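Enquirer: Sequence:
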Amino acid sequence: MGTTTTEKRTDDEIASEADAAGKTATDNATEDARENATETVEETAADKSGEPGDAVAAEADAHSEDAARTAPGIAAGAGAVVAAGLGLASVTGTWLGTLMAERQTVVGQINLQAHRTTDQIAAVYGTPWHTTALVNGVFALLAVIVAAVVLTRPRATWVRAVAWGGLALGVLGLFISAGMYLDLFASMPSIPTGAAPGA
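Under my numbering, the residues of the sequence shown are numbered 338 to 536, in order.
Read the hints as simulated data drawn from the structure, not as lab findings. Model, not experiment: these values are computed from the prediction. Everything hinted at is true.
Cβ-Cβ distance ranges computed for the label pairs, FRET-style: (1) R453 <-> W495: 52 to 60 angstroms; (2) T489 <-> F512: 21 to 29 angstroms; (3) P409 <-> I482: 14 to 22 angstroms.
The C-beta atom is built at its ideal place from N, Cα and C for all residues, glycine as well.
Produce the complete structure using the sequences and hints provided.
Expert: Pasting the structure below:
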């Protein structure tokens, strides 16, 4: 009887120890699973928290690249418009050219009254005419230079079109100015031989 009781107790102890070991293993497995799940959640959160930062950085880079491309585009467009304006001014004439011509007319009249010159036509007409041609020629040359600078690199279609227009007007203005200065369109008026000025 005593031996049987001892054997039963031993079996009970073995069973309880096995149950305890099983529970410990289960608890350990549960804790490992929890730790793995926590690490996975933390990594996922870190990845997700990093994504908006990356998106913002990428968007900032895109904006900076767009700004870098836009600045030369704006400068080229402005240059093309300036070239076209200068070319048009060289063909139609400018306020500066008119002002300089009127000044030369006054200077010529002063010279006539002071008897510093006897060529009334050159003093009152020729010199102002040539001054206007020179001023228009300067505007035409500036138009050609600005348009040529704009056309040295690939530009937007409308920029190239405006620049080509400015270049064409500038070249036309140069021809007109040269013709005016060299009296190619009309000769300088002259007093007939034997006729006195003012007669």
